[in-house]
Amino acid sequence: MSMLKTLKLVAAKPTPADAKTRNREKLVRYLTDQKALVTEKLGGPAYNPTRMVTRKDGAGNSHRVEAPRKVRRGWFTDASGNLAFTVRYGAKPLELAKGMTAISVDNLEALPAVIDTLTQAVEAGELDAVAAAAAVERQRNFKSKAKA
Numbered sequence: 000m001s002m003l004k005t006l007k008l009v010a011a012k013p014t015p016a017d018a019k020t021r022n023r024e025k026l027v028r029y030l031t032d033q034k035a036l037v038t039e040k041l042g043g044p045a046y047n048p049t050r051m052v053t054r055k056d057g058a059g060n061s062h063r064v065e066a067p068r069k070v071r072r073g074w075f076t077d078a079s080g081n082l083a084f085t086v087r088y089g090a091k092p093l094e095l096a097k098g099m100t101a102i103s104v105d106n107l108e109a110l111p112a113v114i115d116t117l118t119q120a121v122e123a124g125e126l127d128a129v130a131a132a133a134a135v136e137r138q139r140n141f142k143s144k145a146k147a
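Taking numbering that gives the first Met the number 0, the leading residue of the sequence shown gets 0, the next gets one more, and so forth.
These are calculated hints, taken from the structure and not from any lab test.
The structure presented is a predicted model; accordingly, all values stated were derived computationally and were not measured.
Distance ranges between label pairs, derived from CB positions: (1) F141 x A66: 16 to 24 Å; (2) G98 x T53: 37 to 45 Å; (3) D115 x D77: 20 to 28 Å.
Cut-off 30 Å, straight-line C-alpha distance, at most; resulting in silico cross-link-like pairs (DSBU-like, lysine-lysine): (4) K69 x K142; (5) K40 x K91; (6) K91 x K19; (7) K142 x K25; (8) K69 x K25.
Think of the CB as a built atom: it goes at the ideal place given N, C-alpha and C, for glycine as much as any other residue.
Given these sequences and hints, build the entire structure.
Below you can see the structure in the form of structure tokens.
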């Protein structure tokens, strides 16, 4: 018990993360994944993201194991042959300006710098309103419908 007396004990509770912080973290995670995919495409290290899943063995016991996680590319070539990048929240592209959902990029080598700029914008809170609207729209899809 004397070991515990050397520690400073407090009755602290963690503060829950607000919606704005969660949205920012989600967008930064998305942009980090996209940058890793671009880096891999440009000849960098292989990017193999994983997630934890529960699997059952032959005896019926559940175990937590890592499984590959699919990450969708955020860049594409449009009809005119230009490279474009979209920021997605869930499956929907975010509207960065009125009617504009994509960012034009000169070439694939310039894309990591664009993603870094977007990450800084997200961390500065420039996309908070757009992300909040997308989160509300996404939540609406998951609400259960009342039976008539």
